[in-house]
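Undergrad: Sequence:
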Amino acid sequence: MSLTREPSTPPATPARVATPNRQILFRHPWYDDSNNVLLKLFAPDLAGAATRGLYAQYALEACGIIAGSRWDGWLSESKDPAIATTAAATVEPASILQRSSYYFHLPPLQSDTDIGRANAPYPVVPTFREWRFPHDQLPNPWKRIIPTDPDPAVPDQSFATSNLTLALQTRDVSCRITGCREGTQVAHICPQKEADWWYDNAMSRYNMGSANTPDDLSNAILLRADLHVAFDKPKFVFVPKPSSYPKYPQLVIHLLEVSAELEYLYHNRALQSMCSSIEMLFARFAWTIFPLLDSFLTCRERRRLLLVNEMVEGFVDGDGFVSWERCAQFSRKRSRSPKK
1 MSLTREPSTP
11 PATPARVATP
21 NRQILFRHPW
31 YDDSNNVLLK
41 LFAPDLAGAA
51 TRGLYAQYAL
61 EACGIIAGSR
71 WDGWLSESKD
81 PAIATTAAAT
91 VEPASILQRS
101 SYYFHLPPLQ
111 SDTDIGRANA
121 PYPVVPTFRE
131 WRFPHDQLPN
141 PWKRIIPTDP
151 DPAVPDQSFA
161 TSNLTLALQT
171 RDVSCRITGC
181 REGTQVAHIC
191 PQKEADWWYD
201 NAMSRYNMGS
211 ANTPDDLSNA
221 ILLRADLHVA
231 FDKPKFVFVP
241 KPSSYPKYPQ
251 LVIHLLEVSA
261 ELEYLYHNRA
271 LQSMCSSIEM
281 LFARFAWTIF
291 PLLDSFLTCR
301 ERRRLLLVNE
311 MVEGFVDGDG
321 FVSWERCAQF
331 SRKRSRSPKK
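If you're matching positions, the sequence shown starts at 1 in the numbering used here and goes up one per residue.
Keep in mind that the hints are not guaranteed to be accurate.
Stated by the list, open to error - Think about it this way: if two alpha-carbon atoms lie no more than 25 Å apart in a straight line, the pair counts; the simulated DSS-like pairs of lysine-lysine are:
id : residue 1 : residue 2
1  : Lys143    : Lys247
2  : Lys143    : Lys241
3  : Lys247    : Lys193
4  : Lys193    : Lys233
5  : Lys40     : Lys233
6  : Lys241    : Lys40
7  : Lys235    : Lys40
8  : Lys193    : Lys235
Derived by calculation from the structure, the hints in this document are not laboratory data.
Start from the sequences and build out the full structure, keeping to the hints where you can.
TA: The following block contains the structure:
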């Protein structure tokens, strides 16, 4: 008598048109093209049957975050500001980007104009820990996200603070990506290792409970164990994208790097009902973007940076620039993996 079965085989998947993986460059128009790449973003959105691209609003928000939470910028294929401001040269935010590179433009800051620096490059925030959260000033799509669960099962907050795992299991019940109940774990949205940033930016205002702690239901989500690992890599992030309701975007999974399996199963998939804080999800989005600045900070060019914690005497020169040696220090200080 034999009780063995044949080895498992991979599940069948529909045939797909082969589309090459793409990365799109986003450049700072003030610096020379040899060293002005701000971000290189993976482009997993399909712009056609065999063409990959990237949702332009997602790129605008990513660039706006590193520019100090500025949402008045625009994308253009032209480096020249005089041309880039014309309607014909400005990229529509709702479009899918298909070119290999774009310039991210911003109007001059009034503070720069007042001191005669209207032509100076816009400053860039070098790290997540130097970034200030834009309270009450999120980009418009984040303000209009469709509420997914108007009547969630929210447990008593004193209980939620003392036992976050049980409270989250009561609220979310299942993985917020797959809907599976087995093998789930608590995933912090703003990583635990960024607790200092969380306190510095007074993020407790978004807590569901009264305790001043990042271990709150607003900052947690239930995920299947393997997806929790992928979330912390990070291999994907949650962002709003256009939905079947024209005026209201919906939170979806957006892939950050190449993964045939994750792309096929989850990219641009809507989440299960979500009760976590939108502000925490936006902070998580920002946290995933800042490591992509490393090449901009380490290419031996002085940069104009927007700093909060590192503003000591002599750190910035008379023109508002930081030396390339000090720029590189921000890359070396960075730690990518969230603390478990």
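Undergrad: For the pair supplied as a hint, Lys40 and Lys233, confirm whether the alpha-carbon distance does not exceed 25 Å.
TA: Satisfied, since the Cα-Cα distance of roughly 17 Å is no more than 25 Å.
Undergrad: Can the restraint linking Lys193 and Lys235 be considered satisfied, given a maximum Cα separation of 25 Å?
TA: Status holds; Cα separation ~18 Å.
Undergrad: Given the proposed pairing of Lys143 with Lys247, does the C-alpha separation stay at or below 25 Å?
TA: holds (11 Å)
Undergrad: Assess, step by step, whether the Cα of Lys235 is no farther than 25 Å from the Cα of Lys40, and give holds or violated.
TA: holds (15 Å)
Undergrad: Check the hint pairing Lys143 with Lys241 against an upper bound of 25 Å on the C-alpha distance.
TA: holds (12 Å)
Undergrad: So if I understand the rule, the pair passes when the alpha-carbon distance is 25 Å or less; does Lys241 with Lys40 pass?
TA: holds (20 Å)
Undergrad: Would you check the hint for Lys247 and Lys193, treating anything up to 25 Å between C-alpha atoms as holding?
TA: Cα-Cα ~36 Å, so violated.
Undergrad: Check the hint pairing Lys193 with Lys233 against an upper bound of 25 Å on the C-alpha distance.
TA: holds (14 Å)
Violated hint for the displayed structure: number 3, the only one.
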